[in-house]
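Counting along the sequence shown from 1, when you hit position 39 you're at 39 in our numbering, and nothing is skipped either side.
Calculated from the structure, these hints are not laboratory results.
Cβ atoms here follow ideal geometry from the backbone N, Cα and C, with glycine treated the same way.
You may find that some hints are simply not true.
[Stated by the list, open to error] Each computed DMTMM-like pair below joins lysine to aspartate or glutamate, with the alpha-carbon atoms no more than 25 Å apart:
| hint | residue 1 | residue 2 |
| --- | --- | --- |
| 1 | 60 | 230 |
| 2 | 60 | 244 |
| 3 | 35 | 4 |
[Said to hold, decoys possible] Label pairs and their calculated CB-CB ranges:
| hint | residue 1 | residue 2 | range |
| --- | --- | --- | --- |
| 4 | 47 | 148 | 20 to 30 Å |
| 5 | 320 | 12 | 32 to 42 Å |
| 6 | 244 | 31 | 55 to 65 Å |
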Amino acid sequence: MLVELLACSKNGTRLKVAHRPVRAGLYPTIGLHSKGEIVQVNFGQKPFVFDLEGMLAEEKAAQRAAVDRIPVSSGVTHKLVRQYLLHYGYKETLCAFDEAAGLAREAQQQPAAAAEGAAMSAPSADPADAASALVLRSRLRKCLLAGDVDGALALLAAQCPVVLADSGRFGEVHFQLACQKYIELVRCGRVEEAVLFAQSTLSQLRGPSAASVESSLRDVVALAAYQNPEASPLAHLLGRGQRDAVADAVNAAVLTVASEAGGLPASPGAAAPEAEGSWAGLQLRPALLTRLAEQQQPMGAAAVATPPRPVSRVEALLQQLVAVQGALHEANGGQGWMFNLQEYMLGPTT
């Protein structure tokens with residue numbers, strides 16, 4: 001818990017603090033004064049007389065109370081939520097959020113000004129660039145969450161072709177889109193079509209590739225081997241989380257292009273080309289071979305600079321929180337409670 005103190009208890013009652021601060025490198029020792037003395041030691045193999053869980057709960061409550069006492073202006077939370085919705089392309093939710101807050105007219109007139117918040121050092125898309133691509137990103141997310149990978153590919157080809165053309169930077173996105181297409185075919189029971197798609201598109205990944213790519217590809221292709229994929233060990237590939245992950249990756253790629261180009265033109269009604277023919281443009285193999293070659297470069301060799309993935313300000317804050325807690329735990333010699341973001345936000349899982 002990082003309180004860095006040493007205290008004793010007697011018959012379940014906590015006594016005064018014996019020493020503080022306590023650093024790393026301590027080991028339990030017992031000193032006996034008289035001949036024939038017997039000591040029993042309990043390192044958790046049986047219940048403690050002292051209410052250890054209650055003490056931990058008190059310490060956590062004290063930490064949360066200290067956080068709650070930090071003054072925060074009333075507009076910070078609103079700006080964080082709005083920037084999160086804008087970053088991930090939740091257009092309808094963003095409009096409803098602005099309307100509920102009485103900012104709908106202001107957001108329409110000045111979308112960038114309404115999205116600005118406190119400056120963050122972590123990479124994030126400029127509010128104006130994010131707003132310019134909001135319609136496209138919202139449509140892409142809808143397509144992918146509905147399982148329409150071809151529709152998402154057609155939108156990218158029509159309104160953000162850089163994502164499809166640049167396999168060096170967005171090869172992982174190409175890989176995720178191709179895998180998701182295969183997954184959606186299996187989900188619909190179109191197994192023969194899925195096999196043909198794997199032979200024509202996913203076959204580019206045969207041969208040497210990164211271990212993570214091989215593992216992911218193996219799981220995806222194996223999905224068709226199960227008569228009931230929803231009840232198989234790979235059922236998680238058919239869940240909402242898988243679609244969300246692909247949608248987030250595509251969203252981040254569009255934000256990257258928008259930030260470099262100073263925004264994307266608002267053309268939601270542009271005609272989209274045939275999606276089926278667009279799969280041939282995804283150069284999966286060269287992109288992955290290039291990445292693998294970079295990973296196998298000798299130490300000291302110059303690496304190709306890859307731009308960081310844009311993140312929302314909420315993500316940046318949570319990443320900083322986890323990093324700081326990890327650094328504190330490491331500075332304490334690995335002793336004490338290990339911070340778990342999911343448990344801290346949602347409570348312990350049973």
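Do residue 320 and residue 12 keep their Cβ atoms within the hinted range of 32 to 42 Å? This hint holds: roughly 39 Å between Cβ atoms.
Is residue 60 within 25 Å of residue 244, Cα to Cα? Roughly 32 Å between the alpha carbons, so the hint for residue 60 and residue 244 is violated.
Note whether the CB distance of residue 47 and residue 148 lies within 20 to 30 Å or breaks it. Distance hint for residue 47, residue 148 is violated at roughly 55 Å.
Between residue 60 and residue 230, is the straight-line Cα distance small enough, at 25 Å or below? Given pair residue 60, residue 230 is violated - Cα atoms ~39 Å apart, limit 25 Å.
Measure nothing beyond the straight line between the CA atoms of residue 35 and residue 4; if it is 25 Å or shorter, mark the hint as holding. The hint is violated at about 34 Å.
Taking 55 to 65 Å as the stated bounds, is the beta-carbon spacing between residue 244 and residue 31 within them? At 58 Å between Cβs, range holds.
This entry does not satisfy hints 1, 2, 3 and 4, going by the numbered hints stated previously.
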